[in-house]
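Asks: Let chain Z serve as the given structure and place chain V on it in line with the hints.
In order, the protein sequence lines correspond to chains Z and V.
Just so you know, we're using this note's numbering here: the first sequence kicks off at 16 and counts up by one.
Just so you know, we're using this note's numbering here: the second sequence kicks off at 7 and counts up by one.
Just so you know, the hints here were simulated from the structure itself, not pulled from any lab data.
We put the CB at the ideal spot given by N, CA and C, even for glycine.
Incorrect hints may appear among the rest.
Where chain Z lies over chain V, by a calculated footprint (3+ residues, C-beta under 8 angstroms) [claimed, not checked]: (1) 107-116; (2) 125-136.
Derived CB-CB ranges, DEER-like [claimed, not checked]: (3) Z:110 x V:103: 26 to 36 angstroms; (4) V:103 x Z:101: 34 to 44 angstroms; (5) Z:117 x V:217: 50 to 60 angstroms; (6) V:217 x Z:251: 55 to 65 angstroms; (7) Z:110 x V:277: 28 to 38 angstroms; (8) Z:117 x V:62: 45 to 55 angstroms; (9) Z:117 x V:163: 37 to 47 angstroms; (10) Z:117 x V:103: 42 to 52 angstroms; (11) V:160 x Z:267: 13 to 23 angstroms; (12) V:200 x Z:97: 42 to 52 angstroms.
Sample of chain V residues at the chain Z side, in silico, Cβ under 8 angstroms [claimed, not checked]: (13) 87; (14) 120; (15) 122; (16) 165; (17) 167; (18) 169; (19) 185.
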Amino acid sequence: MSRSKAILLPSLIVVALLGIWEAAAQWHLLADALNIEPFLVPAPSEIAEALWEDRDLLADDAWVTLREVVLGFACAAAVGLGLATALHFSETLRRALYPLLVASQTIPPVVIAPILVVWLGFGIGPKIWIIALICFFPITVNALDGLRSVDPDAVKMMRTLDAGRWQVFRRVEAPSALPYAFSGAKIAVAVAAIAAVFAEWSGSDSGLGHLILTSNAQLLVPRMFAAVIVLSAMAMALFGLLSLAERKVVTWR
Amino acid sequence: MLTRTGAPTQEPLSIGKSGAPEVGGATPGGDAGEVRLERLEHSFGRLRTLAGLDLRAAPHQVLGIVGPSGCGKSTLLELVAGLRDPDAGTIAVDGAHEPAARLARCAYMPQRDLLLPWMRAIDNAALALLNRGARRAEARRAAAPLFERFGLAGFEDAWPAELSGGMRQRVAFLRTLIAGKPVLLLDEPFASLDAITRGEMQQWLAGALAADPRTVVLVSHDVEEALYLSDRVVVLSARPGRVVAELEVPGPRAGDRAAAVTSQGFATLRERAMRALGEGAREEGR
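Same shape as in the complex, but just chain Z (with noise of 0.2 angstroms):
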């Protein structure tokens, strides 16, 4: 009941919506207020049209951008979560780097990503770069504050029970670390997407972020809205994914 009611109050809301804007843009309401051509406001049945119609081109681009934010997102993870171990077992590390670490997030990636299409080219890497130096940051705090905030009775506990320095971190601080762990990577992979625009607008022939500036740059303004439909439903998807990972492997809380 209160599951189903869950599901049905949002979607309501949405079809409401949806209905104005149909109606708004079918009688030219908005476009006659902003004083522009009306096929600049494009209803959501013409937006379902061209989702439909140019499924196979969002398809393409999509896949593309789907490699990316996930290979971008891998390497966050792989190195955002070794170096939150690193920085961890080491103090002199964590006072070399981790002012390191909150300055490179002072630098926008807008003006990153221009820098690094013009060193890497305009294939998946600098995308992938892109991507990860973004998704890297929460990753690697997060899990660095978990692995920190474990119980220090904990530690004790399990040091009159024998545990080595590598026990305590398998038994004790890692699994104690996951849950942050994973709602840094749900940040990560929420931004991830907004990141790989980012790196599209700044040089690439394929992508969704390329198809939004290309269609917006010829006026396909359904399309536009189609191809910004479809990357919100991926990272959507992605993080739904990762929170059903989360449950799965989480199980204590």
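Replies: For chain V alone, kept in the frame of chain Z given last:
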């Protein structure tokens, strides 16, 4: 011990001195397990926690330590276990002075059960064996008989979150016991339980220690608990902690807690302990 071939051997997975499967049978290390503290000094920065403390627990003796909160009782256990260094004085466990050597001889049961929520009850209990490199199946085989004996049969595969407070404490105590160390350091082991469960658990612990004697240093702020479980009770003063009274508890621990704690002799001892506690507390800030 347990090996892949099943042949008895000392190496490489020695489970305590006698081996966990024999817990309750042979006592680890025979008469081993004396704890001796001499002129122990400790402070946190400028806060003096222990002032020239002398204490001794004979092998297989249960030494109860009571004192007002903040008198350094928990610190004392960490010092004995080798988890912390004293400012001055000597600590000997089984004649060993080095922190690492003390750590190898002491099992510490903290106030909270600290069961790892991502491990099943039996794996939590067998944690020491896993830490020493035993494979999971081996460790479980070693721990299983104890679940039966300590009233936890059927809960081997439960997650800690599925256990009641009393059961969690039992698993935590088993974990301490299975470590097979000659000395158990118990830091207010039942403080988090309600009064009824606490009483039951005290009786349970008395039984467990009768079956498997170890040297125990039991820290408590509950005079009744300390007197019921201990062979000797030491009353500490407020910070900095020093001994204000030592009480010998006569006779073997009674199986019937209700009868024991309401007896005339127990009441007399409790009164003496309470008075000593009161005096010790008044010395605060001296």
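Asks: Would you mind marking each hint as holding or not holding in the structure?
Replies: For each hint, the structure was consulted:
no.	hint	verdict
1	107-116	holds (count 7)
2	125-136	holds (count 4)
3	Z:110 x V:103: 26 to 36 angstroms	holds, 34 angstroms
4	V:103 x Z:101: 34 to 44 angstroms	holds, 35 angstroms
5	Z:117 x V:217: 50 to 60 angstroms	holds, 57 angstroms
6	V:217 x Z:251: 55 to 65 angstroms	holds, 58 angstroms
7	Z:110 x V:277: 28 to 38 angstroms	violated, 56 angstroms
8	Z:117 x V:62: 45 to 55 angstroms	holds, 53 angstroms
9	Z:117 x V:163: 37 to 47 angstroms	holds, 44 angstroms
10	Z:117 x V:103: 42 to 52 angstroms	holds, 45 angstroms
11	V:160 x Z:267: 13 to 23 angstroms	holds, 20 angstroms
12	V:200 x Z:97: 42 to 52 angstroms	holds, 46 angstroms
13	87	holds, 5 angstroms
14	120	holds, 5 angstroms
15	122	holds, 7 angstroms
16	165	holds, 7 angstroms
17	167	holds, 6 angstroms
18	169	violated, 13 angstroms
19	185	holds, 5 angstroms
The structure fails to meet hints 7 and 18 from the earlier list, while all remaining hints are met.
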